[in-house]
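Read top to bottom, the protein sequences are chains U and V. Counting with the working numbering, you get residues 209 to 931 for the letters of the first sequence. Counting with the working numbering, you get residues 108 to 506 for the letters of the second sequence.
Just so you know, the hints here were simulated from the structure itself, not pulled from any lab data. Worth double-checking, as some hints may not be accurate.
[Stated by the list, open to error] Residues from chain V shown here face chain U by an in silico Cβ test under 10 Å; the list is partial:
1. 224
2. 313
3. 322
4. 326
5. 327
6. 376
7. 379
8. 413
9. 416
10. 465
[Claimed, not checked] To give an idea of the chain V side of the interface with chain U (calculated C-beta under 7 Å), a few residues:
11. 263
12. 271
13. 314
14. 331
15. 372
Using N, Cα and C, we set each Cβ at its ideal position, and we do this for glycine too.
What follows is each chain in one-letter form.
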Amino acid sequence: MSNIPETGRTPRVQTRLVIIQVLVVSLLLTLGGRLWYLQIRNGDEYADEANGNHVQRVVQPAVRGAILDARGVPLADNETRLVVSASRTELMKMKDDGEAVLTRLAGVLGMEPKEVMDKVRLCNAETPQPCWNGSPYQPIPVTDEATTQQALQIRERSEDFPGITAEPTAVRRYPAPVDARTSQVLGYLSPVTDEEIQKAKDTDSPYLRSDQVGRSGLERTYDKELRGQAGVTSYEVDKLGRVMGESESDPGVPGSNLVTSIDARVQAVAEAELHEAMKTARTQVDKITGRPYEADAGAVVVMESRTGRVIAMASQPDYDPNSWVGGISAKDYAKLTGKDSNYPLLNRAIQGQAAPGSIFKVVSASAAVRAGYDFNDRYNCSSSYSLGSRSFANFESQGHGPITLGEALKFSCNTVFYALGHQEWKRDGGIKPKKDAHDWFYRTAHDFGLGSETGIDLPNEVTGRIPDRQWKKDFWTANKDAWCKQGKKGGTYVEQIAYENCLEGNQLKAGDSINFSIGQGDILVTPIQMATAYAAISNGGTLYDPTIGKAVISPDGKKITEIPPTSHGRLPIGKKTIEDLDKGLLSVVGPGGTASWRFGGWPQDRIPMRAKTGTAQVYGKQTTSWFATYTDDYTIVMTISQGGTGSGASGPAVRNIYEAMYGLDEQGNQDLKRALLPAPQKGLPKISPDGTIDAPEIRPYVPPAPEDGTGTEVLAGPPARRD
Amino acid sequence: MTGAGGFSVSGYGPERGGLWARLSARDSVVRRLDWPLLLSALALSCIGSLLVWSATRGRTELNNGDPYHFLMRHSLNFGIGLVLMIATVWLGHRTLRGAVPVLYGLSVVLVLLVLTPLGATINGAHAWLVIGGLSLQPSEFTKVTIILSMAMMLAARVDAGDQLHPDHRTVAKSLAFAALPMGIVMLMPDLGSVMVMAVIVLGVLLASGASNRWILGLIGTGVGGAVLVAVLGLLDEYQINRFAAFANPELDPSGVGYNTNQARIAIGSGGLYGAGLFNGAQTTGQFVPEQQTDFIFTVAGEELGFVGAGLILFLLGVVMWRACRIARETTELYGTIVAAGIIAWFAFQSFENIGMAMGIMPVAGLPLPFVSYGGTSMFAVWIAVGLLQSIRVQKPISA
């Protein structure tokens with residue numbers, strides 16, 4: 209400015225103006241710095257926060273895949289039900305903890321308010337059922353049986369029902385076609401726990417809070433395949449939760465279908481026959497105890513001999529798998545797990561273990577051959593075998609003179625195996641074993657797959673037990689303190705045993721090896737182990753891992769992942785011995801064999817049947833019935849705890865199963881039209897791209913009329929003795 | 108030229124050709140306007156229109172379903188503001204100097220009216236006059252009249268050449284004139300406006316050349332008063348919490364803390380380039396309250412990013428830098444004081460508004476000059492621009 213009057217522009221004012229300018233600049237710089245800090249330095253953090261703010265994730269749970277039988281009949285599938293659930297997190301935000309809302313809800317659902325409130329409370333030690341056992345952050349189902357009317361009322365008046373949802377939800381269903389429950393094999397689901405969510409968080413199949421997880425059976429083994437992956441749709445919402453747009457959407461993957469080797473029809477026959485056999489056994493009086501047989505549990509396995517695939521697997525007692533659907537009630541849970549329940553959740557085909565009795569003799573015969581004895585030499589079948597002062601009897605003390613090992617199987621002669629077992633024990637050094645002891649009998653048992661899991665595709669299979677020298681030592685170490693405390697010289701029987709065990713329970717005694725040779729004593733096996741072993745004899749020596757899963761097929765039927773049969777080894781015997789065993793087992797069904805009285809009229813020429821009966825003694829209980837059989841295609845093993853003799857209790861049931869599969873009548877006439885499965889099922893069921901499954905119609909199983917139950921006996925004559 | 112002159116626009120000298128020729132003449136007002144200042148202010152208001160539009164087009168509860176409602180209203184206000192600016196330049200600040208007593212009296216009456224049943228509470232602030240369908244915020248005009256009246260008093264004897272600096276008596280008198288409307292506004296209560304006025308008073312005193320004692324005394328009074336309020340516990344805890352929530356949103360998580368937190372998220376999530384106009388999720392989701400007025404800067408931050416929000420800061424900087432130049436270069440103290448008062452006003456109000464949105468200043472309901480929606484504020488701000496331009500274009504008295 210050219211003309212500054214002296215009055216206006218004093219240095220003071222000039223300085224002050226500079227101060228103002230500096231202040232303005234510093235304020236602007238402060239804002240600029242803060243802006244940089246928020247947007248550039250911490251921008252990502254705020255962007256994340258903004259995302260969390262306005263993105264609402266809606267999870268669409270994947271529909272769980274179906275479990276199908278070998279021909280496509282669904283054993284487990286889903287049905288759509290209207291599920292009304294309450295969100296605890298929402299309810300707890302309300303002043304009255306949601307009481308008003310739940311009372312209104314009860315009114316709509318026609319339930320008592322208390323009932324609804326009880327259902328959504330969390331379980332703890334003091335809370336009686338009903339209460340919610342799952343995660344508190346997951347919507348809690350109040351009912352899965354809402355009507356369309358009720359669901360509409362809840363949805364239309366959503367402002368009256370904050371935190372309440374009514375959604376059509378796919379609910380697991382176990383249709384039990386033709387009454388084939390397949391309970392323990394299928395297993396069950398229950399809500400995922402917080403721990404599992406944490407654990408699976410970073411894996412390739414993380415859980416959602418709403419997920420149901422397979423807890424046992426096939427549902428558990430194939431959980432990952434069946435579960436699929438939930439779809440997640442992210443919606444942009446405003447402050448009030450109104451949806452403004454879809455930001456991203458992950459459609460999810462529906463669960464795949466599992467095709468099993470189970471044939472629902474054969475399964476139904478197996479279940480019905482096992483149940484019937486146990487019912488019949490309970491009408492028979494046990495001559496030893498003088499009481500009717502308890503027949504408290506039983507199992508049957510039907511297996512394809514040449515693949516190890518399981519066609520049917522039944523275990524008694526069983527339960528209705530649907531009782532788990534939608535959360536199990538307290539009453540049902542007690543019925544399934546309580547002390548008096550007899551544990552129907554156990555799959556006794558893979559989790560029940562007992563001494564095998566005489567069906568073990570195929571192992572003993574093989575052991576003898578491995579130890580150098582000729583299968584077809586003659587061995588004395590005396591009426592009893594003496595060991596010092598103790599006498600080991602043949603059943604009902606019948607002797608057969610010198611017989612081959614095949615005949616020893618046929619007559620189920622104990623004393624032949626006693627002698628062989630005892631000799632081997634002595635050759636190995638007796639109580640003080642040689643360094644290079646062969647332990648042929650024990651080793652062969654292990655080599656037949658006993659004492660370890662078969663590797664079936666079901667969870668929690670048990671190993672059974674081979675009481676060899678090592679086991680004796682381990683068992684003694686674990687129990688000697690208790691034995692030594694309880695044991696008393698010259699006391700009661702139990703005290704005397706404890707006393708002896710305390711002193712020398714770590715030794716494998718002569719008596720142990722004698723008992724072991726006929727599958728008695730401390731040995732334990734599972735039905736699936738015996739089925740695997742007998743199937744191996746049948747198929748020429750391959751020990752297959754039993755499988756139930758046959759293929760995993762994508763929901764549109766396009767991607768098929770077959771589950772091929774795998775084996776865990778071969779029998780430790782040559783082809784010749786296998787043939788010898790086979791012949792021996794054939795003769796069991798033939799005239800004079802221990803099972804012949806059960807197979808009168810069986811077309812042995814067309815469908816050769818091999819069998820071995822077993823009756824195992826259990827201290828303090830009635831005998832366990834075992835029956836192991838095979839034809840060219842199939843192996844069936846049945847056992848009934850406290851059920852009596854092998855052929856007596858299990859024989860008719862096993863024969864009925866075969867007859868249904870082959871379409872035979874009592875006289876041995878085959879009607880292929882009636883035959884359920886005259887040859888193993890080949891191929892897989894078709895699943896069309898829209899997800900529908902091409903499943904054949906099936907008819908319920910009608911058991912043969914029991915009119916000539918005595919007739920068969922007359923034909924072959926009643927057994928002269930128990931096996 | 109003397110008096111209210113300085114304009115060559117109003118019909119003199121037809122021999123010099125048409126209107127365009129006169130406007131484009133070398134010494135014309137249009138030529139002498141501070142164009143960087145004007146263009147920056149215009150740009151700010153244009154950006155403001157877009158931001159107001161973006162912030163309100165989805166708020167159906169406010170715009171009665173018309174997404175253009177606020178845009179139209181804002182543009183109308185903007186237009187009226189421009190007319191007021193032109194009128195101010197036309198009249199000239201020296202003409203207005205004569206009208207200051209009337210304007211001052213009018214503004215005091217208006218703020219007093221707010222305390223009568225004519226006053227209304229809008230958005231939590233009892234600072235409004237609703238007459239007919241029109242709502243006014245008189246305290247916005249009061250900012251202008253405080254500047255003008257104080258400048259008039261402080262500069263009178265200095266510009267007359269009687270004094271080098273205003274004497275104590277003059278300063279005291281001018282402070283008393285400022286204190287009256289400030290006291291009334293305090294009673295509303297509209298603390299935010301009182302704070303702005305206090306800073307204006309400080310700026311005015313600084314530029315007037317008043318003795319340092321007055322400056323320090325004024326600062327001391329402000330700080331002392333705040334301390335006194337805190338120590339005597341005149342405020343309830345929740346009031347203190349609300350005040351402090353800008354720094355720590357946890358103190359008031361559902362109220363102010365929520366707002367500032369959402370505002371910060373909106374700005375922070377913008378990043379370098381922003382989500383794009385109308386694309387801000389925080390904005391379209393209406394997570395930030397009062398977004399067209401107090402929190403308008405969050406729209407810029409989220410949708411235009413560091414680049415766009417930085418541009419707003421830059422334009423505000425240009426406005427204030429030019430205003431400083433005008434304050435320095437004018438020949439009379441009156442103009443210097445008026446310009447300084449306006450600088451203090453713009454600077455503090457912008458700092459408070461933007462600082463609040465970014466969580467470095469406590470929450471107070473103040474609009475961002477030029478940008479925020481709001482008629483009275485827009486009018487006052489453009490009148491202030493008119494004053495600045497008038498100071499710039501007026502030829503020195505003794506030229």
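Checked hints:
Violation of the interface hint for residue 224 of chain V is found here, the shortest Cβ-Cβ separation to chain U being roughly 34 Å, above the 10 Å cut-off. Contact between residue 313 of chain V and chain U, as hinted, is supported at the beta carbon level, the nearest pair being about 4 Å apart and thus within 10 Å. For residue 322 of chain V, the interface hint holds, since its Cβ comes within 10 Å of a Cβ in chain U; the closest pair sits about 9 Å apart. The interface hint given for residue 326 of chain V is broken, as the beta carbon of that residue sits about 12 Å from the closest beta carbon of chain U, more than 10 Å.
Using the Cβ-Cβ criterion of 10 Å, the hint placing residue 327 of chain V at the interface with chain U is not satisfied: the shortest such distance is roughly 17 Å. The beta carbon of residue 376 of chain V comes within 4 Å of a beta carbon in chain U, closer than 10 Å, and the hint placing it at the interface holds. Among the interface hints, the one on residue 379 of chain V holds; its C-beta lies about 6 Å from the nearest C-beta in chain U, closer than the 10 Å criterion. Given hint, residue 413 of chain V at the interface with chain U, holds; its Cβ is 4 Å from that chain's nearest Cβ, closer than 10 Å.
The interface hint given for residue 416 of chain V holds, since its Cβ lies 6 Å from the closest Cβ of chain U, which is under the 10 Å cut-off. The interface hint given for residue 465 of chain V is met, as the beta carbon of that residue sits about 5 Å from the closest beta carbon of chain U, less than 10 Å. The beta carbon of residue 263 of chain V comes no nearer than 11 Å to any beta carbon in chain U, farther than 7 Å, and the hint placing it at the interface is violated. Hint status for residue 271 of chain V relative to chain U: holds, with the closest Cβ pair at about 6 Å, below 7 Å.
For residue 314 of chain V, the shortest C-beta to C-beta distance to chain U is roughly 6 Å, which falls under 7 Å, so the interface hint holds. Below 7 Å, beta-carbon pairs count as interface contacts, and residue 331 of chain V has none with chain U, the closest being about 21 Å; its hint is therefore violated. Against a cut-off of 7 Å between C-beta atoms, the interface hint on residue 372 of chain V holds, since the closest Cβ of chain U lies about 5 Å away.
This entry does not satisfy hints 1, 4, 5, 11 and 14, going by the numbered hints stated previously.
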